[in-house]
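My request is simple: use the sequences and hints to build the entire structure.
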Amino acid sequence: IVGLREYAKKVSQDFEKWKENHPNGGFFDLRPYTIEGVRTLDEHTLIIRIKGRYPQFLYWLSMNFFAPIPWEVDAFYSQAGMKAKNLTLDQWPVGTGPFMLVENNPNFRMRLIRNPNYHADTYPCKASPGIPQGLLADCGRPLPQVETVLYTLEKENIPYWNKFLQGYYDASGVSSDAFDQAVQLSSTGDIGLTPAMREKGIRFLGGVQPTIIYFGFNMLDPVIGGLDDKGRKLRQAISIAVNMEEYISIFLNGRGVVAQGPLPPGIFGYESPPQGLNPVIYRWENGHLVRKPLTVARQLLAEAGYPGGIDPNTGQPLKLYFEAVGSGPDDQARLAWLRKQFAQLGIDLVIRATDYNRFQDKMRQGQGQIFMWGWNADYPDPENFLFLLYGKNGVVASGGSGVNYANYHNPAYDRLFEQMQTLPNGPERQALIQRMVHLVQQDAPWIFGFYPRSLALVHSWYHNAWPNMMANNTTKYLRVDTQLRVRKQMEWNRPVVWVLWLVAALLLSAVAGGVWLYRRRQAQTGRAAP
1 IVGLREYAKK VSQDFEKWKE NHPNGGFFDL RPYTIEGVRT LDEHTLIIRI KGRYPQFLYW
61 LSMNFFAPIP WEVDAFYSQA GMKAKNLTLD QWPVGTGPFM LVENNPNFRM RLIRNPNYHA
121 DTYPCKASPG IPQGLLADCG RPLPQVETVL YTLEKENIPY WNKFLQGYYD ASGVSSDAFD
181 QAVQLSSTGD IGLTPAMREK GIRFLGGVQP TIIYFGFNML DPVIGGLDDK GRKLRQAISI
241 AVNMEEYISI FLNGRGVVAQ GPLPPGIFGY ESPPQGLNPV IYRWENGHLV RKPLTVARQL
301 LAEAGYPGGI DPNTGQPLKL YFEAVGSGPD DQARLAWLRK QFAQLGIDLV IRATDYNRFQ
361 DKMRQGQGQI FMWGWNADYP DPENFLFLLY GKNGVVASGG SGVNYANYHN PAYDRLFEQM
421 QTLPNGPERQ ALIQRMVHLV QQDAPWIFGF YPRSLALVHS WYHNAWPNMM ANNTTKYLRV
481 DTQLRVRKQM EWNRPVVWVL WLVAALLLSA VAGGVWLYRR RQAQTGRAAP
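For the record, in the sequence shown the residue sitting at position 111 is 111 according to this note's numbering, with numbers rising by one throughout.
To be clear, the hints were calculated from the coordinates, so they are not data collected in a lab.
Note that the structure is a prediction, hence the values are computed from the model and not measured.
Don't take each hint at face value.
25 Å max Cα-Cα, derived PhoX-like pairs, lysine-lysine [stated by the list, open to error]:
1. Lys9 - Lys362
2. Lys392 - Lys51
3. Lys19 - Lys126
4. Lys392 - Lys362
5. Lys10 - Lys85
6. Lys200 - Lys488
7. Lys476 - Lys126
8. Lys319 - Lys362
9. Lys230 - Lys163
10. Lys340 - Lys319
11. Lys19 - Lys9
12. Lys362 - Lys292
13. Lys126 - Lys163
14. Lys488 - Lys476
15. Lys163 - Lys476
16. Lys51 - Lys10
17. Lys163 - Lys392
18. Lys319 - Lys292
19. Lys17 - Lys83
20. Lys155 - Lys230
21. Lys19 - Lys51
22. Lys230 - Lys126
Pasting the structure below:
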């Protein structure tokens with residue numbers, strides 16, 4: 001934004017002076033300050049001027065850091081004593097959306113109610129390609145469609161799952177504990193509902209998230225990094241050996257898609273196999289993606305100078321280091337699996353466990369060697385993923401502010417990125433992306449991990465739910481058939497009265513038997529008396 005840097009500098013300087021005169025805090029009024037490139041056209045319209053051309057700025061406008069905050073709210077929460085009583089904007093936000101947060105206890109429950117001041121809004125009457133037409137049944141109805149939304153914290157998975165099955169929750173994810181009860185995998189890896197779920201009228205919603213989870217190599221490291229053949233072939237060999245299909249099956253219950261490059265499905269430029277397969281790791285056989293065998297990985301390892309995984313400098317197995325954060329049982333199982341993958345090549349993977357703060361410091365300083373990381377899309381544009389490997393975004397080169405944690409820097413990739421960045425989606429941009437993806441597949445700064453699959457179950461009374469992986473405002477479209485919900489709750493939670501009748505019958509039998517024995521003993525005692 002034109003003038004934003006100067007605005008920030010001026011505000012920062014004045015704020016430091018203001019703090020000297022207001023040691024107890026208070027309201028620092030920003031209204032006297034202006035940004036050269038921003039002006040108001042009317043009460044609801046801003047004109048923003050940016051430097052150069054950057055189409056993604058339209059996406060930026062929809063992100064939370066562009067949310068309008070009334071100055072009155074800032075002034076209100078700046079009053080003395082407000083923070084001490086937990087009265088802050090974070091705890092009690094003020095916005096313009098369809099709902100108001102009226103109860104905010106994250107350790108128990110959060111409650112939203114309809115915002116009476118919400119602007120006029122109606123349910124859409126048109127759908128994008130691939131969206132079921134049945135979702136347009138509420139066309140033209142005013143939004144939001146529900147009066148109250150409750151979010152309740154359940155600290156244990158099993159009680160939460162049981163309450164969902166009883167109809168007390170409208171929607172649920174699927175934990176590993178309930179996975180086999182809820183869904184079943186076909187021979188091709190497709191996910192479907194079990195008969196028990198279908199019998200209840202439960203529906204399954206899912207899709208591949210605009211997210212990538214990857215293993216990164218620090219390209220500044222003298223052993224694992226570099227763009228020469230030695231480092232490149234070592235990384236390629238490891239990428240073949242680390243079997244992500246196995247990882248997804250063991251640790252994710254099949255809820256993931258093996259990544260072929262940095263772009264997930266649904267983002268422009270992504271290509272599914274066979275066109276988009278990673279030729280370093282896979283080949284296409286009989287209509288299927290096939291991981292190259294370990295013999296290929298071992299050959300690459302030998303060409304890198306480590307035949308049989310032996311470090312020629314020591315005569316011992318090559319030692320590599322993985323920066324780990326988690327220390328729970330699940331984390332230990334994953335780390336043991338990862339060490340096994342490296343051991344297939346004769347490499348000794350040493351786990352360096354640390355806390356998250358120290359882990360971040362290592363990443364910012366380029367001290368890590370191999371690590372696991374991930375990225376969720378901020379907006380649906382390839383730039384938001386491809387910039388993770390842009391040289392100027394290297395976390396070390398940028399002084400810790402960049403997102404290129406692998407510190408990958410290939411001038412050819414950077415030139416292509418700068419050409420691609422501001423182009424509209426089309427054949428020219430697609431061709432540039434293909435070249436960029438091919439470069440990083442060959443250079444292998446990442447093991448291209450997986451794209452997670454989301455999985456949600458909803459009841460038959462829960463309408464207009466659809467897995468939109470980028471939207472955060474879908475609650476206003478939901479409609480709940482409360483009468484059906486009550487009927488199902490009563491049907492699924494009928495009291496089991498036969499147990500009470502059985503207990504009563506047993507008690508009655510016991511009492512009757514006791515009376516009979518008592519009378520018999522009394523009769524015998526009477527006959528035996530002199």
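- Determine which of the earlier numbered hints do not hold for this structure and return their numbers in increasing order. The structure breaks hints 1, 3, 5, 9, 12, 13, 17, 20, 21 and 22; every other hint is satisfied.
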